[in-house]
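Colleague: Spelled out, the chains give:
Protein chains: 2
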Amino acid sequence: MEESSSSFFPEPNAAEAAAPHVEVDGGQEDEHDPESNSLQQPLLKRSPTLTASHYAMVGAKVSHIESLDYEINENDLFKHDWRSRSSNEVLQYIFLKWTLAFLVGLLTGVTASLINLAIENIAGFKMLYLARLVKDQRRFCSSGSCRYITGFAYLAGVNLALTTVAATLCVMFAPTAAGPGIPEIKAYLNGVDTPNMFGASTLIVKIIGSIGSVSAGLDLGKEGPLVHIGSCFASLLGQGGSKKYRLDWKWLRYFKNDRDRRDLITCGASSGVCAAFRSPVGGVLFALEEVATWWRSALLWRTFFSTAVVVVVLRGFIEYCNSGRCGLFGRGGLILFDVSEVAVSYHINDLLPVAVVGVIGGLLGSLYNYVLHKVLRLYSLINERGRVAKLLLSLGVSIFTSICLYCLPFLVPCTPCDPSLGAVCPTPEGSGNFKQFNCPNGYYNDLASLLHATNDDAVRNVFSTSTPNEFRAISLLIFFALYCVLGLVTFGIAVPSGLFLPIILMGSAYGRLLALALKSYVHIDQGLYAVLGAAALMSGSMRMTVSLCVIFLELTNNLLLLPITMFVLLIAKTVGDSFNPSIYEIILELKGLPFLEAKTEPWMRNLTVGELAAAKPSVVNLRGVEKVSRVVEVLKQTSHNGFPVVDQGGPSPMGTPANTTEIHGLVLRAHLVAVLRKKWFLKERRRTADWEVREKFTSVDLAEKGHKVGQVLITEEEMNMYIDLHPFTNTTPYTVVESMSVAKAVVLFRQVGLRHLLIIPKYQGAGISPVVGILTRQDLIAHNILNAFPHLANKKGEKGRNSHS
Amino acid sequence: MEESSSSFFPEPNAAEAAAPHVEVDGGQEDEHDPESNSLQQPLLKRSPTLTASHYAMVGAKVSHIESLDYEINENDLFKHDWRSRSSNEVLQYIFLKWTLAFLVGLLTGVTASLINLAIENIAGFKMLYLARLVKDQRRFCSSGSCRYITGFAYLAGVNLALTTVAATLCVMFAPTAAGPGIPEIKAYLNGVDTPNMFGASTLIVKIIGSIGSVSAGLDLGKEGPLVHIGSCFASLLGQGGSKKYRLDWKWLRYFKNDRDRRDLITCGASSGVCAAFRSPVGGVLFALEEVATWWRSALLWRTFFSTAVVVVVLRGFIEYCNSGRCGLFGRGGLILFDVSEVAVSYHINDLLPVAVVGVIGGLLGSLYNYVLHKVLRLYSLINERGRVAKLLLSLGVSIFTSICLYCLPFLVPCTPCDPSLGAVCPTPEGSGNFKQFNCPNGYYNDLASLLHATNDDAVRNVFSTSTPNEFRAISLLIFFALYCVLGLVTFGIAVPSGLFLPIILMGSAYGRLLALALKSYVHIDQGLYAVLGAAALMSGSMRMTVSLCVIFLELTNNLLLLPITMFVLLIAKTVGDSFNPSIYEIILELKGLPFLEAKTEPWMRNLTVGELAAAKPSVVNLRGVEKVSRVVEVLKQTSHNGFPVVDQGGPSPMGTPANTTEIHGLVLRAHLVAVLRKKWFLKERRRTADWEVREKFTSVDLAEKGHKVGQVLITEEEMNMYIDLHPFTNTTPYTVVESMSVAKAVVLFRQVGLRHLLIIPKYQGAGISPVVGILTRQDLIAHNILNAFPHLANKKGEKGRNSHS
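Line by line, the protein sequences are chains L and H. Under this note's numbering, the first residue of the first sequence carries the number 1, and numbering increases by one thereafter. Under this note's numbering, the first residue of the second sequence carries the number 1001, and numbering increases by one thereafter.
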């Protein structure tokens, strides 16, 4: 994140001015950020080392990030393809679009069910066996301490083994599978393609790693990973399989564009949330509120369809497993944490304690964000030392977790079973809500009941209603403190990990604690306070409102709680927002992903795009019919991804004067490379006819990505030939006049989903270049602009907050 | 809707070419559509008679509709104001924004509660008294027929009186209060300001009229009107009171812009839905999915806050009234149609009958849309005959409704009370779910139970669960047929009316009927089938998905029904969409509101904005420092609302060559009129300094609307003076190059929320005008373009559907 502040305004020296195409990087263009629009030095002080892996936050793994093209590239080939598309093909496209949305839902639903099945069985049997081991272990040792030590060795060993599987897979095969993946999905939908994020290996590692890490009893959830898994399925389906072993199915050719993949990945993300919380509407809203940058109602409908498929699949699995055919999985119903049986009645004087829950939730949430930020920075120092360091860190956290989970219950006294609940008090097998652990028969250890269970069961226990005396304050306090520490130290390790469940665990504990502390003022059930606490902390950390509200409604099935949930969420978000941004924004910034925010800074109104472009080296234009050597030179010596195509005078259909210049459009690097690879060269400088190019190219050929100009061999003879760029040029790039304020340019760039924005001059006349600059995503990131124009930062300080938030 | 197809391409005759500023409308500029960009004739065959009133659909009331300016007008005054805004003022603004959102919620909640209270009491006591009148009316007549006739006379009389109040108010004082108002709100948020839509008189008439018409037993709901009421409150609060008696509160000056009013009205619309269905999350989603055109997450949060306030207010009222302090109001809980007590269990073989509900819902919904369209066209012929005709139509519908409601129950036989439900069978006072009407004691008339109740109670009756034999098939059939007819004939009359409840009534009846018909195949409760039927018909007619799903969840409080509700909604929407557009889109088109759709037509890619602009008369440019006489002439002779400001050569800060032209920006008609009114004229042609204009103007002065150039008196001497337009010019208008395709221009126009879009030439050079055209909303409406370029329409037919939907 450290950036030197030098060399932004290039010293205008003669050598540079005379030779604008000085080669600086010796052909290693791929090492550079390809969004860079500069020939000599990085423009606008962008960080050239954008990191892609979750835990390598200070640059262990350098890679370039290419922007996605969500705009439609209207070149001649596209237009021909568009016109010639038969209504049959259009129907195929629509059918396929819905089929893919269906498949995304189906695969996500099935995978989520299988993951749940695996986790519930592995973690459940692990805990059952532990209980049995501790309770009667006559065979090996008879003394108490021996039993407990064996028990601990068993628990720590199993947890360590599971963690090792998860961490090793992540470290060796798919570093991008670590962490939740939600920030990267958010960035993808904003137009930033993090490499290796949605591949088949990531998917497989994520699934297995998620099972391992959650079963290992680490303080992390499967929710974030499920969102990522859904998106991976979507991305793979959109490509027609993995990139390496791709099925070249003819129908899929219309999906080889960033727009359709974006839509599919949005479906995948909603499906993932839906599968995680069994919350179909919450899933759609989560994608809408938190993940997606662009939204339209057609997409609302499609994501809704995907989540409907997911929920039908989940319901089918649960119904099938309900009769015990799947081991420990499927015993509950469709609703994860049902608290609907308690009657909710509250009055005006309940609002104050509820407001306290919200305020504390906001404070804790922002504090959590702050500390987690520090911890992640520290971890990245460890993680960048290499694979072994990453692995050791994960294993260390696993051992620490095992020690805490196992030893802390010894600190609390045993609780006698409530005779009115007799039937559910610890059963001999150790299943059920109450764990006996070190207590005599007829007693249970309330902290062990929380800690010696799967995370889901722990939440269910804390949410349990009409049980005012089930948990002691001291146990809840220990539980809360433990999960605060675990939540901070676990998130950054190299295993797939979600943020939702750790925060719900923390929040539910503090909500229930608060209810115990305010016992005399509180008329609402403690279990509901736990729900409110979880919602408040969630909102205080993630800063979502409507989607959280619906997710909690669908998690707990208590509609009457909705008004106070809304109240708590609003308070917690307001309190949290006054301290720091949301946890996902913090992670995005830590990773250095060039995410384009929706809100513009006030000082952006005081800067024009002309001023911004003047601070950059000038743009490289190509002519409509260009020499091959010039194209190769430009491609090799710059790292631009788009070049304006400008025609000088020449023959024009409207018979304009000869001294005019014409903006023909913008041609992409990928398309130029495609032309060079196919060697579609002309002997003389002339414009080609439509049929000529269509004999050689289809619009699908141009959609291929990833080839580099260095790989193309061109002979000396070919170098002197010409290329007609007109058929490949996007004739309708978006433009702004140079007097446009940056604030408005950002609105245009983000709302329309651009990759390049051309700047045209305010003054018209002979001899003025028709394109004075190109803006890319990097140029419009507030952080980058402030580095280039530090005086704006001061003004920013004076103004305080953005008044158009 | 009739439009002549002539005169689109003006014949280039010499007179016109020589005198481009021929006066055509003799100063009656306000009679013309001010969005028109033409000097001589309407461009692009737009309809010059946009109608504003709900029932005057074929042009009874001609009025012009001005587009709203959702873009920030960055002129010098704004920029100065922006820079000089202290952080204290920014805080004031933020505080005020939230206060207004709070007040919108509070007022909507209180008003909704009072409306409910009035309706439940008026309609409830009306029905109670009717039951008593029919049951024992010894005093006046003893024979059966006499009793029934008196009963009918009483019912018809009361209904007629209530309808008269509602219709008279609507016809005399606020024609815009008739109908639901939702299409106009949708249009407002799209940028179309229907006149007199959000005024104080509309608000008051809407409240009283809504009470009257719903109490009168007409087949309409208070839901649509409540949305309109919420929006009216928002609009009035944003202006600081009614336009006529406006409080000029200093803090409100920052709200005198279309953007902030738009946000407030979005809050108002969500509050209205929330108040109507007691559905806070559904309200937010309704605004998001159906009403709003632009959306950002800050707004999501603010609307969520408003609906939270509404729901707290509603809950407070219900709690207060629960003990009987408000007459018949408040006996139920917060949930309107609670069906949560029934256990939902369904299997794979239940999916088929549920799918049938969806398919029939989609068919019926689109059929309803189709027939309602025809009825509304017919009604508009009646309504345009004048106020008396409107009034008579309303009264006729009222009498017809009374006859049906009263007489139809005689057709069905009496049902003996089920002894297991003994306690609730008809009570002597006639309250409760079962109505005795013409039946002996111990029996009830099931059709009367549905018809002699408020609409809400009727829905509750049809939704009632675990009562498989409560209603006969014949009664449900009559009920369904009756409400199909009433739903069609009632909607277009001149009273405030909502569409939700009529559709729910119809849908619930057919759902329950279907469950009766498929008795042997159906394992889900009949009441739940009624809910599904209502959801399906709603989706089939209104084509919403997520918001309807949440509204139904919050209406019925049955989370386990959610997956099949989603299933039904998706099927119904798919079926409906294959026949016609949603009912709101049909009404928008009927009213001729220039609504800009999100989806672009495929043929828009084959047309450039340059071709579109070439079909229009040329744009009128102003110079940076312009003669007063020229400004007055242009304002009087054109009806444009925006003029490009172009400087020729002249002094420029960057020392460009003298033969250049400079696009300075765009100046608005309203601002030119403001300058003329303040008479800020210069003796000589010069550019002014910043302080000069700020002595005379603030940015708030420019925000005033509605003044006309004809009202300004300018002396001969003043005519020869100059105006410096630079300080008033928006220096950052959005522009497109003339080669841009119309599809992309529409995306830009809509996504960024524009009013004017400048077209700049593709060719650059001396002597080329820097602005070749202006596009407005009217130019980009698909319908208008097709009128101008009929050959595109043919292609459209070939292509079938838009493949990017």
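It cannot be assumed that every hint is accurate.
To be verified - Pair ranges (Cβ atoms, derived):
1) H:HIS1523 - L:LEU128: 19 to 25 Å
2) L:LYS708 - H:GLN1648: 31 to 37 Å
3) H:TYR1370 - L:ALA355: 36 to 42 Å
4) L:ALA614 - H:PHE1102: 15 to 21 Å
5) H:ARG1686 - L:LYS708: 55 to 61 Å
6) L:ALA473 - H:GLU1341: 33 to 39 Å
What the hints assert, rightly or not - Here are the computed lysine-lysine pairs in the DSS-like style, where the Cα-Cα straight-line distance is at most 27 Å:
7) L:LYS599 - L:LYS636
8) L:LYS599 - H:LYS1256
9) H:LYS1599 - L:LYS599
In short, the hints are calculated from the structure, not lab data. Heads up, the beta-carbon is just placed ideally off N, CA and C, and yes, glycines get one too.
Colleague: Each hint needs a verdict: does it hold in this structure or not?
Modeller: Against the structure, the hints come out as follows:
no.: 1; hint: H:HIS1523 - L:LEU128: 19 to 25 Å; verdict: 37 Å, violated
no.: 2; hint: L:LYS708 - H:GLN1648: 31 to 37 Å; verdict: 49 Å, violated
no.: 3; hint: H:TYR1370 - L:ALA355: 36 to 42 Å; verdict: 51 Å, violated
no.: 4; hint: L:ALA614 - H:PHE1102: 15 to 21 Å; verdict: 46 Å, violated
no.: 5; hint: H:ARG1686 - L:LYS708: 55 to 61 Å; verdict: 58 Å, holds
no.: 6; hint: L:ALA473 - H:GLU1341: 33 to 39 Å; verdict: 36 Å, holds
no.: 7; hint: L:LYS599 - L:LYS636; verdict: 36 Å, violated
no.: 8; hint: L:LYS599 - H:LYS1256; verdict: 21 Å, holds
no.: 9; hint: H:LYS1599 - L:LYS599; verdict: 25 Å, holds
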